[in-house]
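As you go down the protein sequences, you meet chains A and B in turn. My numbering applies: residue 6 is where the first sequence begins, and numbers increase by one. My numbering applies: residue 18 is where the second sequence begins, and numbers increase by one.
No lab work stands behind these hints, which were simulated from the structure alone. No experiment lies behind these values; they were computed from the predicted model shown. Hints should not be assumed to be uniformly reliable.
What the hints assert, rightly or not - Simulated pairs of lysine to aspartate or glutamate, EDC-like, Cα-Cα distance not exceeding 20 angstroms: (1) Lys27/B to Glu157/A; (2) Lys149/A to Glu122/A; (3) Lys104/A to Asp61/B; (4) Lys149/A to Asp110/A; (5) Lys104/A to Glu20/B; (6) Lys95/A to Asp105/A; (7) Lys27/B to Asp40/B; (8) Lys111/A to Glu199/A; (9) Lys104/A to Glu199/A; (10) Lys149/A to Glu48/A; (11) Lys149/A to Glu115/A; (12) Lys149/A to Glu43/B; (13) Lys149/A to Glu119/A; (14) Lys95/A to Asp108/A; (15) Lys95/A to Glu199/A; (16) Lys95/A to Asp40/B; (17) Lys95/A to Asp35/B; (18) Lys257/A to Asp105/A; (19) Lys95/A to Glu48/A; (20) Lys111/A to Glu122/A; (21) Lys95/A to Asp61/B.
Unchecked claim - With the C-beta cut set under 10 angstroms, the calculated list includes, among others, these residues of chain B facing chain A: (22) Val26; (23) Leu44; (24) Gly49; (25) Arg62.
What the hints assert, rightly or not - One-sided excerpt, in silico: chain B residues whose CB lies under 8 angstroms from chain A: (26) Trp33; (27) Leu69; (28) Pro70; (29) Leu78; (30) Thr81.
Glycine is no exception: its CB is placed at the ideal position from the N, C-alpha and C atoms.
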Amino acid sequence: MHSPTSTIVLLLAVFGASTVEMVEALTIVVAAGVSRGWRSALEGAAAAALVLGVLVAVVGVPLIRYIPLDALRVVVGALLLVLGLSWLRKAILRSSGHKDPHDEDKIYAETVAELSETGAESGTPGQGRVHPGRDGVAFVVAFKGVFLEGTEVVLIVISLGAAQHRLGLAALAAAAALVVVAVVGLLVSRQLSEVPENTIKTAVGIMLTSFGIFWVGEGAGVNWPGSDLAIPVLVGFFLAVTLAYTALMRSKLPVPAPEGSPAA
Amino acid sequence: MTELVVRGVKAFGRFWWDFLIGDTPELALATGIIVALAFLISGDRVVGVILLPLLAAAFLLVSTLRGRRRAPGR
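Bound-form chain B, shown alone (with noise of 0.2 angstroms):
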């Protein structure tokens, strides 16, 4: 019985780990700073809408930059 609890939370642990972080670590740390960041400009309207956006597009440049397929040798 302790067994199979110990299993159940493995997988759960490996499931949340595999959806939040995976392959792709850059993308959680995004959104980690872009959560940050909207609670420290949330005074300041403009800043905030046009801000958080352009921060989830870099990020996400960046990701599939990294994901990109290499010539062989580089």
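Only chain A is shown next, with the shape it has when bound in the complex (with noise of 0.2 angstroms):
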């Protein structure tokens, strides 16, 4: 039986992290369909997202079925550790002015003229050429869009889904943010960069970490005090760990050197 609790957290974690990688995947769509056409771009997109969606039936529906539970929980417990953290570590250094942030807008600009110079080679200087009929350019690099940035997801997805036993949830929660990504990317035709990315991971390292944590300790044998409620309280910990830890990274900025000095 699973509290509302951990349905909750599942939901968000899934949602949350389908969202950050849909919006950097729609991000590569877009140039690929603006610069070479639209009709292969959104069949590479399509085909890459049908191919996830098999791995996740695939790789998670005999994980389910063959893996018994607690050994099962300790391996993706470990899984979504290792990626909580390094989702924590990287939204740390983003936000405290350590790391640059993610710029679709930069993203975009850079894929754009790529495109446009592989056009260029084939014909058209400048602008690339946008095929009206199929272009195999663009679904390549759709696809391949698409298809690394869900990996991740792919495996969140059979992590999180598979250690509670709720691999349709979890798959419904990406294919949901994957509509939605996709619907809002499609009305406005261009990349997403409004979207607050860091935010978003950093809520999603957060309750990846915890239950990293949780699973990590149950399938060990550690009896968290109130079972699935541990979780909330964990998300409560790791989010004050984040708040402290960016406070304290800002403290370290290195401080620019007077402008007219040597080092300057």
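Please dock the two separately framed chains into a single complex, following the hints provided.
Next up, the structure:
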């Protein structure tokens, strides 16, 4: 029996992670669509989404059926812990100014320039070639973009879904995020640079780390007080840790050298 | 065909290497230590419940400090 709290955290974690990754994928799909033609870019994106969906079913279902739950939870917990801690680290470094923020506009401009060069090589200087029919480059670029960004989502869906035996629910949350980002992307026909990616990434990192610690403990035989209710407590703990570390890291930013000094 | 399989296996291995180790091997090590410790102290509920999250937070601090921007020349 699952508590409503763990269900909510599961849904939020999967939806948030999928949103972040799909926003990044959308940038590449839009760049491919604008510079090479929409038809192939959309086909590439749809094909990748289909392959990712098949992966969830092919890997996730046997995991639930054949692997003992405790062993599954330790492995899944460890995976989520690595992923969650690395997302949190990146988010803290970004929000404290130690790492440049993820810039969708910059990535979009770079991808369009790259694809336009490919077009110029094949005959149309400067602008690339917008193909009315099928274009292999647009298909491959969009497929790779969605597939690579989506792989982490697949891992999160399988991990969170399998460990709680709710693969369908986790897959549904990921699909909902994909649909929301795709619809918004189609409506505005451009990359979504206003989405607060780092904030979502921080929230998801906190949830993945909390789930990771919880399941590693559960799988190893640690009895959490209140069972599933320990998850929101862990979320609160890692939120406090993240805020404290962000403040600490801001205080550790190097002071810029004064103008005119030899280092400047 | 063999070349295709080798390329696929290499790509699969590279994905997992980047995913688990990448440029933050300390986080993979931290996870290994946390998992091992979870089994060692699983009988002691209080220690496990307090120690595991604290350990994760400590390793996160170490890794974050390792990734900070440093002043030029330091």
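Hint by hint, here is what the structure shows:
A C-alpha spacing of about 18 angstroms is found between Lys27/B and Glu157/A, which places the hinted pair at or below 20 angstroms, so the restraint holds. This hinted pair checks out: Lys149/A and Glu122/A have alpha carbons roughly 18 angstroms apart, not beyond 20 angstroms. Distance restraint check for Lys104/A and Asp61/B: the Cα-Cα separation of roughly 40 angstroms exceeds the 20 angstroms cut-off, and the hinted pair is therefore not satisfied. With a C-alpha separation of about 19 angstroms, the suggested pair Lys149/A and Asp110/A falls inside the 20 angstroms cut-off, and the hint holds.
About 39 angstroms separates the Cα atoms of Lys104/A and Glu20/B, which puts this hinted pair outside 20 angstroms; it is violated. Pair hint Lys95/A plus Asp105/A holds up; C-alpha atoms about 10 angstroms apart against a cutoff of 20 angstroms. Simply put, Lys27/B and Asp40/B have alpha-carbon atoms about 19 angstroms apart, close enough for the 20 angstroms limit, and the pair holds. About 13 angstroms separates the Cα atoms of Lys111/A and Glu199/A, which keeps this hinted pair within 20 angstroms; it holds.
Under the criterion of a C-alpha separation no larger than 20 angstroms, the hint pairing Lys104/A with Glu199/A is consistent with the structure, at around 19 angstroms. The straight-line distance between the Cα atoms of Lys149/A and Glu48/A is roughly 12 angstroms, inside the 20 angstroms bound, and the hint therefore holds. Annotation: proposed proximity of Lys149/A to Glu115/A holds, straight-line Cα distance about 16 angstroms (limit 20 angstroms). Only pairs whose Cα atoms come within 20 angstroms are accepted, and Lys149/A paired with Glu43/B is rejected, the gap being roughly 29 angstroms.
For the hint pairing Lys149/A with Glu119/A, the CA-to-CA distance comes to about 15 angstroms; that is within 20 angstroms, so the pair holds. For the suggested pair Lys95/A and Asp108/A, the alpha carbons sit about 14 angstroms apart, so the restraint of at most 20 angstroms is met. Distance check on the hinted pair: Lys95/A and Glu199/A sit about 19 angstroms apart at the alpha-carbon level, within 20 angstroms; holds. Among the hinted pairs, Lys95/A with Asp40/B is consistent with the structure: their alpha-carbon atoms are about 11 angstroms apart, no more than 20 angstroms.
The suggested pairing of Lys95/A with Asp35/B holds, with an alpha-carbon distance near 15 angstroms, which does not exceed 20 angstroms. For the suggested pair Lys257/A and Asp105/A, the alpha carbons sit about 16 angstroms apart, so the restraint of at most 20 angstroms is met. For the hint pairing Lys95/A with Glu48/A, the CA-to-CA distance comes to about 32 angstroms; that exceeds 20 angstroms, so the pair is violated. Distance check on the hinted pair: Lys111/A and Glu122/A sit about 17 angstroms apart at the alpha-carbon level, within 20 angstroms; holds.
Between Lys95/A and Asp61/B the CA atoms are separated by roughly 33 angstroms; this puts the pair beyond 20 angstroms, and the hint is violated. Interface restraint check: Val26/B against chain A, minimum CB-CB distance 16 angstroms, threshold 10 angstroms, status violated. Of the supplied interface hints, the one on Leu44/B holds, with its beta-carbon coming within about 5 angstroms of a beta-carbon of chain A, less than 10 angstroms. For the restraint placing Gly49/B at the interface with chain A, the shortest Cβ-Cβ distance is roughly 8 angstroms, inside the 10 angstroms limit, so the hint holds.
Here the hint on Arg62/B is kept, as its CB sits about 5 angstroms from the closest CB of chain A, short of 10 angstroms. Against a cut-off of 8 angstroms between C-beta atoms, the interface hint on Trp33/B is violated, since the closest Cβ of chain A lies about 10 angstroms away. Evaluation of the Leu69/B hint against chain A yields a held restraint, the C-beta minimum of about 5 angstroms falling below 8 angstroms. For Pro70/B, the suggested interface contact is upheld, since its CB lies about 5 angstroms from the closest CB of chain A, less than 8 angstroms.
For the restraint placing Leu78/B at the interface with chain A, the shortest Cβ-Cβ distance is roughly 6 angstroms, inside the 8 angstroms limit, so the hint holds. With its C-beta approaching chain A no nearer than about 5 angstroms, Thr81/B sits inside the 8 angstroms limit, and its interface hint holds.
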